[in-house]
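Asker: Sequence:
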Amino acid sequence: MPELPDVENYHRYLTDHGLKREIADVGIGSAKVLDHISGKDLAAALKGRRMVEARRHGKHILASLDDGQWLHFHFGMTGFFAAFDDPNTDSAHDRLRFDFADGGHLAFDNQRLFGRVGLTQDPADFIEEKELGPDALAIDADSFIAAFKEKRGQVKAALMDQSLLAGIGNIYSDEILYDAKLHPKTPVPDLDEDALETLYKSMRRVLEMAIERGAGFEGVEQRVPDTWLLPHRQDGESCRRCGGTIRSIKIQSRTAYYCPDCQPAP
DNA sequence: AGTACCACCTGACGGC
DNA sequence: TGCCGTCAGGTGGTAC
Numbered sequence: 001m002p003e004l005p006d007v008e009n010y011h012r013y014l015t016d017h018g019l020k021r022e023i024a025d026v027g028i029g030s031a032k033v034l035d036h037i038s039g040k041d042l043a044a045a046l047k048g049r050r051m052v053e054a055r056r057h058g059k060h061i062l063a064s065l066d067d068g069q070w071l072h073f074h075f076g077m078t079g080f081f082a083a084f085d086d087p088n089t090d091s092a093h094d095r096l097r098f099d100f101a102d103g104g105h106l107a108f109d110n111q112r113l114f115g116r117v118g119l120t121q122d123p124a125d126f127i128e129e130k131e132l133g134p135d136a137l138a139i140d141a142d143s144f145i146a147a148f149k150e151k152r153g154q155v156k157a158a159l160m161d162q163s164l165l166a167g168i169g170n171i172y173s174d175e176i177l178y179d180a181k182l183h184p185k186t187p188v189p190d191l192d193e194d195a196l197e198t199l200y201k202s203m204r205r206v207l208e209m210a211i212e213r214g215a216g217f218e219g220v221e222q223r224v225p226d227t228w229l230l231p232h233r234q235d236g237e238s239c240r241r242c243g244g245t246i247r248s249i250k251i252q253s254r255t256a257y258y259c260p261d262c263q264p265a266p
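Using this note's numbering, the first residue of the first sequence is number 1, and each one after it goes up by one.
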């Protein structure tokens, strides 16, 4: 699930449920999600600490601790946070659990174990090490256009390139291109300034509305407009905009869905 | 630089 | 019903 809109909602969830609470203990459900740190060391670093501030950059969440260190979270292909008051209730795939001194806990649920959690001294260093570009919702139109003017290759691949722009994945790149009526294989150099501006506006519109409609929580397909691609991402489905037939193709070994009528081949 | 393929994991789904 | 191949919203490494 987790692309920018989903992660933004998890970021807000963490802000509401994880900050300012004293961490009494840390439970390790699976050490596979630990990024270059042992469960023992992570627990030792967190006991007695509180998270103070949470930020999001692309698909990553960074949360400061009251001793100046930062936790970083990435969900991989599955996952979310879930908070509980009842110590006996828990998330199905709880891989890392923060047990708070107030008796509640927060689970980092990560079914497929592609997620990662670790510690870093500085968010800026972390972003640089991961070679992340600017966050897709933080970049302004001029910088977006400038960055894409330097880019080659297919537009869908460019949108998903985390070093160019951080936060967009397979689902939302399809949605943005559907909104902008661009074929996913369109070469970026074919896009003139107006087309890039349109693409930028589509990106913002899609990401912002997805956040607003509760991306990352169950049932988001029903809450986004029916004129979106998301509720109809299936080969043979009909396009709600033009009546065409939704098709899938492989781009960078990922399945891309689009409407061949609305999004004509370049 | 861009793209293709593999690997890492778990689980759901369709076909037989 | 049960087994098996395939596929899933991410990323990192390798190779061409």
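A few of these clues could be false.
[Unchecked claim] Listed next, with one range per pair, are the computed distances between beta-carbon atoms:
#1 ARG152 to ALA265: 10 to 20 Å
#2 ARG152 to THR227: 23 to 33 Å
#3 SER238 to GLY104: 24 to 34 Å
[Said to hold, decoys possible] Quick list of in silico lysine-lysine cross-link-like pairs, DSBU-like style, CA-CA up to 35 Å:
#4 LYS181 to LYS151
#5 LYS130 to LYS32
#6 LYS201 to LYS250
#7 LYS151 to LYS250
#8 LYS250 to LYS149
#9 LYS149 to LYS201
#10 LYS47 to LYS151
#11 LYS185 to LYS151
These are calculated hints, taken from the structure and not from any lab test. The model shown is predicted, which means the values in this text are computed figures rather than measured ones. C-beta: ideal position from N, C-alpha, C; glycine also.
Asker: If a hint holds in the structure, say so; if it doesn't, say that too.
Answerer: Here is how each hint holds up against the structure:
In this structure, ARG152 and ALA265 meet the distance hint of 10 to 20 Å, their C-beta atoms being roughly 18 Å apart. Look at ARG152 against THR227: about 32 Å separates their beta carbons, and that is inside 23 to 33 Å. Taken as a hint, the range 24 to 34 Å is violated for the pair SER238 and GLY104, whose Cβ atoms sit roughly 46 Å apart. With a C-alpha separation of about 20 Å, the suggested pairing of LYS181 with LYS151 holds against the 35 Å cut-off.
About 19 Å separates the Cα atoms of LYS130 and LYS32, which keeps this hinted pair within 35 Å; it holds. Between LYS201 and LYS250 the alpha-carbon distance is near 25 Å, which keeps this suggested pair within the 35 Å criterion. Of the supplied pair hints, the one linking LYS151 and LYS250 holds, its CA atoms being roughly 20 Å apart against a limit of 35 Å. This hinted pair checks out: LYS250 and LYS149 have alpha carbons roughly 24 Å apart, not beyond 35 Å.
For the hint linking LYS149 to LYS201, the alpha-carbon distance of about 16 Å falls within 35 Å, and the restraint holds. At most 35 Å may separate the alpha-carbon atoms for a hinted pair to count; LYS47 and LYS151 exceed this at roughly 45 Å. Proximity of LYS185 to LYS151 is assessed by CA-CA distance (about 14 Å); at most 35 Å being required, the pair is judged to hold.
When the structure is compared with the earlier hints, violations turn up for hints 3, 10 and for no others.
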